[in-house]
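Trainee: Order-wise, the sequence lines are chains A and B.
For the first sequence, the numbering used here assigns the number 13 to the initial residue and increments by one for each residue that follows.
For the second sequence, the numbering used here assigns the number 3 to the initial residue and increments by one for each residue that follows.
In case anyone wonders, no lab produced these hints; they're calculated from the structure.
Treat each hint with caution, since some may be false.
[To be verified] Sample of chain A residues lacking proximity to chain B, with all beta carbon distances greater than 10 Å (derived): (1) His148; (2) Asn266; (3) Thr322; (4) Asn326; (5) Lys327; (6) Gly374; (7) Asn414.
[Stated by the list, open to error] With a straight-line cut-off of 20 Å between C-alpha atoms, the simulated PhoX-like cross-links for lysine-lysine are: (8) A/Lys205 to A/Lys222; (9) A/Lys223 to A/Lys363; (10) A/Lys526 to A/Lys384; (11) A/Lys314 to A/Lys330; (12) B/Lys73 to A/Lys205; (13) A/Lys327 to B/Lys68; (14) B/Lys54 to A/Lys327; (15) A/Lys87 to A/Lys340; (16) A/Lys392 to A/Lys363; (17) A/Lys205 to B/Lys54; (18) A/Lys279 to A/Lys205; (19) A/Lys87 to A/Lys222.
Backbone N, C-alpha and C define an ideal beta-carbon position, used for all residues, glycine too.
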Amino acid sequence: MNRLKNMASDQKHTGGSLLFAVLQEHGVKHVFGYPGGAIMPIYDALYDSEVEHYLCRHEQGAAFAAVGYARASDKVGVCMATSGPGATNLITGLADALADSIPIVAITGQVPTAAMGSDAFQEIDVFGLSLACTKHSFQVTDINDLASVLHQAFAIALEGRQGPVLVDIPKDIQLAEINCSLDDLSQLPNKVKLPPVDVTNAISLLSKAKKPILYVGGGVGMANAIDELREFCNKTGMPCVSTLKGLGAIDPENENYLGMLGMHGTKASNLAVQESDLLVVVGARFDDRVTGKLDEFAPNAKVIHFDIDTAEINKRRKADAAILGDLKINLPALAIPLSIADWQKRCQQSKADNGWRYDHPGEKIYAPAVLKEISDTMPKNTCVTTDVGQHQMWAAQHMLFNDPSDFLTSGGMGTMGFGLPAAIGAQVSRPTDCVIAVSGDGSFMMNVQELATIKRFQLPVKILLIDNAKLGMVRQWQDLFFNGRLSETDLSDNPDFIMLANAFDIKAKEITKKSEVTAAVAEMLDHDGAYLLKIKIDAEDNVWPLVPPNTANDKMMESI
Amino acid sequence: MNNYQLTITVDDKQVVLERILQVTRYRGFLIDGISADVNTGTNIGTIHLMVKSERPIELLVDQINKLIDIKSVSVDNNT
Ligand SMILES: Cc1ncc(C[n+]2csc(CCOP(=O)(O)OP(=O)(O)O)c2C)c(N)n1
Ligand SMILES: [Mg+2]
């Protein structure tokens with residue numbers, strides 16, 4: 013941490029001003045938050061700070077904005093909230109960041125140390141709550157520890173497998189005065205100690221394989237190893253598949269790329285994985301949405317598992333060779349040419365035979381076709397966020413991305429309400445890039461208050477609202493697996509979304525017919541500011557293919 | 003059910019014991035016994051944890067090892 017040495021020594025600080033000084037040391041320019049009693053000294057220090065604060069309209073919105081900010085770039089996202097209800101409102105965002113390994117630092121105000129443990133006004137044991145939803149957490153009880161704790165928070169958020177870190181700061185610590193120089197801070201010893209890598213076994217597995225598949229997850233983007241991965245693809249020529257979070261890592265133009273695998277994966281991907289004799293797993297973790305019935309997942313395949321997290325090896329599937337450590341270093345070590353021409357051809361044929369079809373009868377809008385059209389016409393470097401449900405799976409299936417930081421979706425947690433605030437964070441992070449939030453009529457309402465954040469900061473976020481007047485994904489499952497008993501999934505009394513957007517000075521338009529799509533998409537993409545395009549679709553449309561729960565991935569349903 | 007005895011050494015930091023207990027429960031292990039003490043000179047704590055589970059102990063060892071303040075985890079017996 014050499015840059016710390018440049019700080020002027022012995023500056024007079026309060027806890028609050030020290031917080032912002034340290035944030036700036038870590039290159040933080042933007043924070044997302046919401047004030048309240050127990051964090052007022054920090055907000056008072058913010059008043060004099062160069063750090064820009066984005067007031068969200070709910071702490072969950074602030075947490076997701078920080079997540080979107082981090083995911084759209086390689087920066088750490090920072091969010092802040094007051095004690096009690098402010099802190100509990102952050103929890104969902106922290107859980108989401110933990111599940112998807114996203115580096116964020118959350119700062120919470122706490123009641124003064126003297127009042128702690130007395131059920132004081134707006135006191136909640138956020139430190140205790142944090143144990144289950146952060147990578148690590150701190151409570152600062154001495155002003156002399158504050159700077160060091162904050163440095164550790166950033167280091168821990170970023171090192172090894174990334175994740176959220178919470179720092180709880182009591183009000184008296186925020187107010188306490190300290191004379192300090194920032195150059196004498198203890199360095200955090202790197203916790204991640206991995207055994208040296210032995211690739212001999214993996215090389216031998218690889219050279220013996222006749223039907224290998226490369227299974228790529230979100231770890232590749234987080235390790236910044238896109239180039240190394242693509243080089244690996246080129247050298248080996250291996251047919252490859254991606255998880256939801258891995259989308260964008262593999263070059264979408266790669267002829268051996270078969271698409272997403274898992275519950276809503278492509279037929280070509282799932283069939284190839286099931287038939288494979290070797291899975292090369294890179295930065296992925298055999299999530300149940302990927303594997304389907306675990307015992308029957310790729311039943312004949314040996315496994316080479318690349319990861320940064322020792323605990324993922326053998327957690328759900330035994331690895332025949334484990335390659336722990338930095339993908340940037342380890343992927344090139346295994347990038348060897350393979351003679352698998354027959355297998356490549358078979359996979360490519362299956363991909364051609366099972367391509368997406370966009371011919372859809374009738375006048376009504378077909379969401380997959382709209383998403384494909386947006387994907388084909390959106391500017392380079394567009395960042396797409398999604399909410400959770402059918403629209404999310406359609407976006408994953410029918411849009412193509414050139415980098416995982418261009419597709420932000422709540423994977424591990426599947427959190428409705430993610431899309432809009434994540435788009436806000438992404439837009440702040442990448443002000444000159446186009447940002448599109450693909451949302452559903454259910455999810456949109458979960459953080460709809462963030463339209464006010466878009467309005468306040470004049471963020472040119474585009475919103476594609478796919479309106480089926482249903483909690484569509486749940487409705488689909490009710491139709492398929494619960495005898496069509498549509499319990500509590502009807503949203504036919506949705507508000508007037510156009511009027512709602514207009515109330516926040518956001519231009520909005522509704523379309524209902526296929527013939528209107530091309531012009532409407534162009535209008536949205538060409539518009540200078542924020543824009544909401546609502547497309548009305550049939551409430552009965554389903555996401556296909558679908559692997560039913562606890563079923564092998566080759567037994568996918570393709571229609572009812 | 004398999005019984006295991008773990009010896010865990012830790013930096014004596016905030017709530018480190020609570021973190022270990024939380025991970026142990028969440029990962030599907032029942033706690034049969036625990037003893038813990040701290041060397042106040044070195045600020046290193048030693049925790050003996052008796053657990054039982056149907057699950058392989060490596061699962062828990064890997065997860066405890068990931069906690070930031072943990073120095074080492076070893077399985078002393080496997081009965
Ligand atoms: C916070 C949260 N609550 C509940 C769910 C369960 N859930 C998953 S998808 C879904 C329906 C989403 O509806 P909508 O946003 O309209 O998307 P659609 O499936 O209709 O495209 C629900 C309720 C969830 N994922 N997240
Ligand atoms: Mg819907």
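Trainee: Work down the list of hints and note, for each, if the structure agrees.
Mentor: Hints, one by one, checked against the model:
1. His148: Since the minimum Cβ distance to chain B is about 5 Å, A/His148 lies within 10 Å and the statement is violated.
2. Asn266: Non-interface label stands for A/Asn266: nearest chain B Cβ at 33 Å, farther than 10 Å.
3. Thr322: For A/Thr322, whose nearest Cβ neighbour in chain B is about 6 Å away, the distance does not exceed 10 Å, so it is violated.
4. Asn326: About 7 Å separates A/Asn326 from the closest Cβ of chain B, which leaves it inside 10 Å; violated.
5. Lys327: violated, 7 Å
6. Gly374: Correct as stated: the minimum Cβ-Cβ distance to chain B is 49 Å, above 10 Å.
7. Asn414: holds, 32 Å
8. A/Lys205 to A/Lys222: violated, 34 Å
9. A/Lys223 to A/Lys363: holds, 15 Å
10. A/Lys526 to A/Lys384: holds, 13 Å
11. A/Lys314 to A/Lys330: holds, 9 Å
12. B/Lys73 to A/Lys205: Holds, at about 11 Å.
13. A/Lys327 to B/Lys68: holds, 14 Å
14. B/Lys54 to A/Lys327: Holds. B/Lys54 to A/Lys327 sits at ~18 Å (cutoff 20 Å).
15. A/Lys87 to A/Lys340: holds, 19 Å
16. A/Lys392 to A/Lys363: Given that 20 Å is the threshold and the Cα spacing comes to 25 Å, the pair is violated.
17. A/Lys205 to B/Lys54: With a Cα-Cα distance of about 28 Å, the restraint between A/Lys205 and B/Lys54 is violated, given a limit of 20 Å.
18. A/Lys279 to A/Lys205: violated, 39 Å
19. A/Lys87 to A/Lys222: violated, 41 Å
Of the numbered hints listed earlier, those contradicted by the structure are 1, 3, 4, 5, 8, 16, 17, 18 and 19.
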